[in-house]
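Novice: Fit chain B to the supplied structure of chain P, relying on the hints for placement.
Below are the chains, spelled out letter by letter.
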Amino acid sequence: MSPIFLSILQVILVMALAPGVSWFIKKLKGASQNRVGPALGQVYFDLIKLFRKEMVVSETASWVFHAAPFVLFASTLLAAGLVPFFWKETLLGFAGDAILLVYLLALGRFFIALAAMDAGTSFGGMGSSREMFLSSLTEPALLLSFFAFSVHTKTTSLQTMAASLGSEPLTATLFFTALIFGAMLIVTLVESARIPVDNPATHLELTMVHEAMILEYSGRYLALIEWSHQIRQLLFFSLLANLFFPFGFYLLKVFALALLVGWIEIHSAKLRLFRVPDLIAIAFVLALLSLLGQLIIGRPS
Amino acid sequence: MSADLIPSLIHLTGMLLLAAALAIIASPQLFACIRLYAAHSFLLAATTILVACHEGVTHLWIPALLTLLLKVIVIPQVFFRMIRRLGIRREVESYINIPFSLILAVALLFLSFYGTAHLPGLSGVEEREFIPMAAATVFWGMLMMATRKKALTQIVGLLLMENGLFLMAITLTSGMPLLVELGIFFDVLVGVIIMGVFVFKIRDAFEGIDVDDLTVLKG
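Protein chains in written order, with the numbering used here: chain P, 1 to 301; chain B, 1001 to 1219.
Mixed in with the good hints there might be a few duds.
What the hints assert, rightly or not - With the Cβ distance kept under 8 Å, some of the chain B side facing chain P (calculated, not the full set):
{"#": "1", "residue": "His1011"}
{"#": "2", "residue": "Leu1012"}
{"#": "3", "residue": "Met1015"}
{"#": "4", "residue": "Leu1030"}
{"#": "5", "residue": "Ala1107"}
{"#": "6", "residue": "Leu1109"}
{"#": "7", "residue": "Phe1113"}
Said to hold, decoys possible - Pair ranges (Cβ atoms, derived):
{"#": "8", "chain 1": "P", "residue 1": "Arg275", "chain 2": "B", "residue 2": "Asp1213", "range": "55 to 61 Å"}
{"#": "9", "chain 1": "B", "residue 1": "Ala1032", "chain 2": "P", "residue 2": "Thr121", "range": "38 to 44 Å"}
{"#": "10", "chain 1": "P", "residue 1": "Gln42", "chain 2": "B", "residue 2": "Cys1053", "range": "32 to 38 Å"}
Hints were generated in silico from the structure; no laboratory data involved.
Since we're looking at a predicted model, the values are computed, not measured.
For every residue, glycine included, the Cβ atom is placed at its ideal position computed from N, Cα and C.
Same shape as in the complex, but just chain B:
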């Protein structure tokens, strides 16, 4: 039972990760978007713990707990703080509407599925399953960054990409060396803070965080 249960739970969390990432793309409100990002990160931590149990790699627990601490609690709080200080309510504006971006997302999922079908050197079942999922998550992050008008949702897109990369690293290599992991987490945190400062600067310069306004900087 137990030997059977963990792989099926890994499958389930994998699918839920996809669903949560799609929900981030589909959500019309910034608050919901960030909460969903927290949920996505939580699922990522759950996947990490399950993989750790399944493969018997104990040092994966540390990145899992760090994910839980940093991406589920700290980064959303930083975001909420930014939103409060910027005084914005609902700020998800996109160049394309939600159903169309969902269709694009599914097309990207197909692309990553068929694109990774014949990669050499993949052996384990989990690797074969999670490579397309992780690639799709990275693509979706890119999609968000490319189609959103506001800086905050673009940051969420970047974080989604990072989550995809993390998923790929966890399932492909059973975890990188601890030092590298810590470096990445630190990078993400500092990245978010720097981008937060950047958002405030955009707001001060243009009285809004619509990145379209940046085009007026051209000579």
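If we strip away everything but chain P, and leave its shape as in the complex, we get:
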């Protein structure tokens, strides 16, 4: 098979797999609470149901409200084109790197935040303000983690980064990757709206961040938003899997990471919103430490 065909197939399969990973975490949580949890088909049926449903749109909504789901979905797919999943080549790897990835995700988030305020409810504005508050802190941490890799691999391209880390023995890079793993795990928790930061399962006005923004959406648009959110979550799992464990079977790695994230979700309580910056500060400091550690340890005598 030609590389281009494989990389297109990769993006399509990721779109198909993303709800499955969400299902796995839901099932884990169900098992921990003595529930059966949803069946595998349920996440897909939910999406299909939402795609068929009628939409209710706020009277005050402008074009931003209608454009935002499409911008979010498109930018998430573009971002998925930059990340190596199970095939080492990426679809858009020739055109962009880790920095573009971060800002494609930021673009989608920006539009959703605008749309939430556009609909004219107070919850939307609150959600947007919270999301922007958190993302302004996570973005530097994520970028710094990528830069810590870049110092070692001398590239910002994700596919070259993953390939070059894969070609080295694990013990040679362990001292700094261990710290970046911690940083990126925290970033993953924030970005995929998991429990220490945000609760994906409730609509409780005091605690919700992501849910508050998409409260006004229904039908097709909601399906697009939910789906791109699932893709973004899988995208972060794949980044973790491919950058830190350059061996083994892809699906196994992703589900192992989902297990880890689910385990964290089961065993921790949601943080108060104003405690979340402390968590993100830890991610930031870990990434910075790993960057500095490379300077210290690789220092020529």
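Specialist: Okay, now just chain B, sitting in the frame of chain P:
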């Protein structure tokens, strides 16, 4: 493989030592703070053992085991006991908030990194790596002592400083004479006990262990 494995493990424990020390600074609860101090000491013992294996210095095993016994088990227990007797729950109060103290800590790490860049007489790889780390740990201990309000967290800061000095001694000299090491350990233990007594005295005199209250002693 084995020749390659030990240096990389030393690197890893070194980085984890830094991370654990930062976690001590960042932790909002006293219990967590002390457990993290135990973890930091455990990593210190691990580093010592790894250095002992790497350099083939067998007498380093004794300080490593003493670290394990004293700093991982005894001193945290003394602390927990103090906390129980003082009847306090969460007592980490700081003059500056946690993110800012983390930023200060990283700035101090940079300072120690560039400050020790041109020290003469350092040859081995480990020495060059661990000098900035150990110096940073000492600085962080000082930071904790300077910015915390409560006496107990200030003691943790002092112990963190001592751990930094120990790290420097281990990696720089492959271990001091055994008698000196034993003396230091004894010092630390007695220091902690004396400070514990001191904390109780502060509590009795001021009905709290906020060292701010000590300023009223001025004439």
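Novice: Now tell me if each hint is right for this structure.
Specialist: Hints, verified against the model:
no.	hint	in the structure
1	His1011	holds, 4 Å
2	Leu1012	holds, 5 Å
3	Met1015	holds, 5 Å
4	Leu1030	violated, 16 Å
5	Ala1107	violated, 10 Å
6	Leu1109	holds, 6 Å
7	Phe1113	holds, 6 Å
8	P:Arg275 x B:Asp1213: 55 to 61 Å	violated, 28 Å
9	B:Ala1032 x P:Thr121: 38 to 44 Å	holds, 39 Å
10	P:Gln42 x B:Cys1053: 32 to 38 Å	violated, 53 Å
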